[in-house]
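Dock chain B against chain A, hints included.
Quick note, the sequences are listed as chains A and B, same order.
If you read the first sequence in our numbering, its first letter stands for residue 1, the second for the next number, and so on.
If you read the second sequence in our numbering, its first letter stands for residue 1, the second for the next number, and so on.
What the hints contain is simulated information worked out from the structure, not anything from laboratory work.
Everything numeric in this text was worked out from a predicted model, so none of it was measured.
Treat the hints loosely; a few may be bogus.
In this list, chains with the same sequence are indistinguishable; a pair is considered to hold if it fits within one copy or across any two.
[Claimed, not checked] No more than 30 Å apart at the CA atoms, straight line, and that leaves these computed lysine-lysine pairs for DSSO-like:
#  : residue 1 : residue 2
1  : K156      : K296
2  : K73       : K335
3  : K188      : K335
4  : K296      : K89
5  : K296      : K234
6  : K296      : K231
7  : K133      : K335
8  : K13       : K352
9  : K231      : K73
10 : K348      : K234
11 : K188      : K234
Protein chains: 2
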Amino acid sequence: MSETDELLTLYWKDGCLYILDQRLLPHRVEYMACTACSEVVEAISEMAVRGAPAIGITAAFGMALAAREALGKNNDQGQMHSYLARASKQLFQSRPTAVNLSWALERIDKWLSENEGLTAQETAEGLLVEAEKIFSEDLENNRLIGVNGAALIPDKAAVLTHCNAGALATGGYGTALGVVRAAIGEGKEVHVFIDETRPLLQGSRLTAFEMLHENIPATLITDNCAGYLIKQGKIDLIIVGADRIAGNGDTANKIGTYPLAVMAAYHHIPFYVAAPLSTIDLSLPSGDEIVIEERKPEEVTRFGNQDVAPEDINVYNPAFDVTPAGLINAIITEKGVVYSPDQEKLYKLFAKV
Amino acid sequence: MSETDELLTLYWKDGCLYILDQRLLPHRVEYMACTACSEVVEAISEMAVRGAPAIGITAAFGMALAAREALGKNNDQGQMHSYLARASKQLFQSRPTAVNLSWALERIDKWLSENEGLTAQETAEGLLVEAEKIFSEDLENNRLIGVNGAALIPDKAAVLTHCNAGALATGGYGTALGVVRAAIGEGKEVHVFIDETRPLLQGSRLTAFEMLHENIPATLITDNCAGYLIKQGKIDLIIVGADRIAGNGDTANKIGTYPLAVMAAYHHIPFYVAAPLSTIDLSLPSGDEIVIEERKPEEVTRFGNQDVAPEDINVYNPAFDVTPAGLINAIITEKGVVYSPDQEKLYKLFAKV
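Next comes chain A alone, as it looks inside the complex (with noise of 0.2 Å):
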């Protein structure tokens, strides 16, 4: 979670993607170890790998494993590149709604389209630092996150978070929990209200991992528990991550996070969203183009072996719902915290340097 305990969301080591399979926590530790793009594929379509930076980070190592694949098979240039392109829109097809995800495909393809002149081996190589820059890169980001965003947190604040923001959603650190390490980092007191977040329970098994991790006091709670929180003024403030944002600030984020948004507005209470601009997506006008992913129906009659619902039940599972800006008091970015979001705001805030 830290650099200190060296528990990493994923590694390369030795040609090899190490990727820590989040569906174990928090009972086991272990990490998958991928050497084709096609594991890569699973391991974010079956959410052993989560968390929209996560999810971008992860498929950049995987089209470095894809060039290694096509190396390995004496592949030319040209076929590698032909190879590379159809591991990428394996990887794009992976999942919908994590922005992240094409958003690290496409700096790869830019990186590939700048540099056509390498041969096959130098390709290989080069892709696998591209995929380490998205790393470390993320990883500073969450840091400047945090930095950014310590300051909207009071001393003493009871913190309400959903899902898994965390280290465990990012190269490291986290977004929104990022945040609230930040600001314990500044000497603040923080109390973290963990959304135990169904169907798959991100909430409960990493973001309570975490915390417990770190001694940040943390209380746990189902999804259901979090209005009664905020009626009876025990949540100071709420705090998410998000898997895209449109330009307008719209912001697609796990299941359950636009009623807290509403909550939020409510009871007058501040919401505030932490991600960093590779989870922005300004080619879309606003969130109605959000695409969002619907996913199986065992997610919810099902728990690990054990069915939970009369099987012949109709299910509907969408895994996001988009929060509109106007719910939104803050976007916490790493170049800096946009209040109010709106399309001319988020522009300015990629305008600049």
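Chain B alone, transformed into the frame defined by chain A:
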């Protein structure tokens, strides 16, 4: 669920109270055979039986069992009364929030004080008759709630419900789901969206089971998904049951109800509560005085037999929240529909013949 298929929440036969063990649903239909009041206390506190009206009925039969125990010990009438007083206290303490429990026990107490001249044998027989009356009156009241509420359900309505306020929560037919049944009985098309209702999943285990059982079109969702559906305009109204309604109309119901009421107000769709008068507690001026039960952390940290969170994490697990009367469009009772409920209207309801 209905009389035809004989799946009853509870029934009395040959000196034994059979309680459907709802913890095993939807997988197994098993009845607990209770011959002692202490078994009934445990069935209530451990939620083998749940739902405010069902708890009240169960407690009344618990008193009938206690009377038979006292008879078996050759107690005279005086000894029986003190035995019954202890039993009543234990039943009263089995769960704190649902007022139907104390309502039923007070009704039994009243019957006892009105029938002090009876022999111990006659008392035991009379209590059983009184419990059976409470049972059959609840079923009748639910049918009247259905008749009164059906007019509020438009044809082709998409109805969201939370927890289980169905046949399994009552003496039969149900309160919130009774209204749905009545609307369907009138020939309307209704689609029920079912909140799974963490932590104990009464939605996925019980409401889904009831809906499938009667071929009522239904879709199961996580609690997190309700807001997104409402935002998309896919829900026409919300209807829930109640565990205790204060004199001013503030309503305690399963945790997660309050945020639904806020969402309904925010999106201008009606939010209805369906409950018998036995759930209305005129002794409390407002919802602030309703005692909210906190249950054990394991309901949140475990899922069936599986741990889902790190074992050292703090948990807050209130079983109910309180929805202010101002967010409730109407309370549907057996004596009629109370629009924009307040103290004056609820008092008038009780005065009604």
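Each hint tested on the structure:
1. Taking the shortest alpha-carbon separations for K156 and K296, only the inter-copy value of 27 Å comes in at or below 30 Å, while the best intra-copy value is 40 Å.
2. Proximity of K73 and K335 under a CA criterion of 30 Å is satisfied in neither setting, with 42 Å inside one chain copy and 79 Å between copies.
3. For the identical chains of this complex, K188 and K335 are intra-copy neighbours only, at 23 Å inside a copy versus 55 Å across copies, given an alpha-carbon limit of 30 Å.
4. In the homo-oligomer, the alpha carbons of K296 and K89 lie at most 30 Å apart inside one protomer (22 Å), although the nearest pairing across protomers, at 48 Å, exceeds that limit.
5. Proximity of K296 and K234 under a CA criterion of 30 Å is satisfied inter-copy only: 20 Å between copies versus 35 Å inside one chain copy.
6. Proximity of K296 to K231 under the C-alpha cut-off of 30 Å is restricted to the inter-copy arrangement: shortest distance 22 Å between copies versus 33 Å within a copy.
7. Proximity of K133 to K335 under the C-alpha cut-off of 30 Å is restricted to the intra-copy arrangement: shortest distance 18 Å within a copy versus 70 Å between copies.
8. In this homomeric assembly, K13 and K352 never come within 30 Å of each other (Cα to Cα): the closest approach is 35 Å inside a single copy and 78 Å across copies.
9. Taking identical chains as interchangeable, the C-alpha atoms of K231 and K73 are never at most 30 Å apart, the minima being 61 Å within one chain and 51 Å between chains.
10. Within a single copy, K348 and K234 get their C-alpha atoms no closer than 36 Å, and across copies no closer than 36 Å, so neither meets the 30 Å cut-off.
11. For a Cα distance limit of 30 Å, the shortest separation of K188 from K234 inside one copy, 17 Å, qualifies, whereas the shortest one across copies, 43 Å, does not.
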